[in-house]
Structures are given as C-alpha cells and as structure tokens.
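S.K.: Quick note, the sequences are listed as chains A and B, same order.
Read in order, the letters of the first sequence are residues 1 to 112 in my numbering.
Read in order, the letters of the second sequence are residues 113 to 226 in my numbering.
Rather than coming from a laboratory, the hints here were simulated on the basis of the structure.
Worth double-checking, as some hints may not be accurate.
Unchecked claim - Calculated pairs, SDA-like style, for lysine to any residue (alpha carbon to alpha carbon, straight line, at most 25 Å):
(1) B:LYS154 / A:SER73
(2) B:LYS154 / A:GLY40
(3) A:LYS14 / A:ARG108
(4) B:LYS154 / A:ASN53
(5) B:LYS113 / A:ARG44
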Amino acid sequence: DGGITQSPKYLFRKEGQNVTLSCEQNLNHDAMYWYRQDPGQGLRLIYYSQIVNDFQKGDIAEGYSVSREKKESFPLTVTSAQKNPTAFYLCASSIGGYSPLHFGNGTRLTVT
Amino acid sequence: KQEVTQIPAALSVPEGENLVLNCSFTDSAIYNLQWFRQDPGKGLTSLLLIQSSQREQTSGRLNASLDKSSGRSTLYIAASQPGDSATYLCAATDMDTGRRALTFGSGTRLQVQP
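Build out the structure end to end from the sequences listed, making use of the hints.
M.R.: This is how it looks when you write it as structure tokens:
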C-alpha cells in the first residue's frame, strides 16, 4: 500500500537534546512538507521541499532543520534552539504544483 | 498574509441532524480550498477539494461550497452520525506564493451524540 510513514508515533526527549523525526513516502511524490500542530490550533508550516536536494523555510522554521537527499525521505530535526518543541508533528506529500496533500499519522514529541 | 478562521471551535449535535461548518479566509486570491478530517491523535484525511473556479463539491453526505468574493467556505454534513465525530479543518492554497503550501484554520471539533 502506498502512503506516508512517520516514526516514531511518540517521542520523549530531555531539554537540550536534538531529536530527528522520520518521514518516508512511497507515493513517488516530488513535494514534501512538515507541519506543527499545537492544541486547539491549526497546522503551521515548518519546512517544505518541492524537489530532491532543495527545501525552503516555512512560517516557523527557527529551531528546526531538514534534509532532502532522497525523494522518498524528508527527516526533520528539532534542535535545542527550538524554544517550545513539545507538539504534534505532521508530514505531508503531494505530486507537486497545487495537487492535494496526503498526510502521515504524525509524531507526538514531548520534551521535558 | 492569508488568515483562515473557523467558527465555531466546537459543536455538539444529536445524531441525524444536518449541520454546517464555517470557514473564512482573508485573501481571496486562492487556488483551491480543502476540507480535512482529523481523528484524535491521527493525521489528516482529505474530504473535499474545491478549485477556485468551482462553487461546490459533493461526496456522499458531505457538500462543500466556496464563495471567493466573500472569503467563505462551508461544509455541510447531512444526517450526521456518531462516526462523524472528529475535528474538521479547512485550508486554503494561496495563488501568489511559490510554496504551494496550505494555510490552515484551527478547526471545528464536532461531537455527534447517539
């Protein structure tokens, strides 16, 4: 089955540690996105990539980093510079252009 | 900058009732508008996508309308069922940004009582 896999589902880290969230898709999609969701709020765009080896900052990129070395993978690193990292993180992909987004099931990150 | 607002934030209705969820956006230069469903702790499932040239889209008991001139979209759910309980989010794709990403509302949490 084609889809987007985010792992792990739950992640716990101590303050000051970097952590990497995985996102893999087998839909052969060119574009991939990372969103953050906080309770009672909509999704906010962190980073996006329209094509391999290229990515751009979204609205809240500070404290995050990404890479896009392979078409099917778009890992997100939450660095210690991110002030409030505890949140629900969602990865999405699309064929490109204005095509509909397909979402993974998310990773809930808790930093204490 | 595009802003998307959804009212109400939460809604509780008895089973069988028809209901309308509202979505408004500030910049009418959108390419399309999507409605998503989100179950607790899960990702988003796309329900309906309306292109800017369209007025509405239908899928089963769901009907979404779009009025660009007034900056509004509505999601109509007919004969609601307990299985419809979820958070519904709308999102707009702006025409004049190169990123092709969505601007989301904060969602309406729907509870359908059996």
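S.K.: Check each numbered hint against the structure and report the violated ones by number, ascending.
M.R.: When the structure is compared with the hints, only number 4 turns out to be violated.
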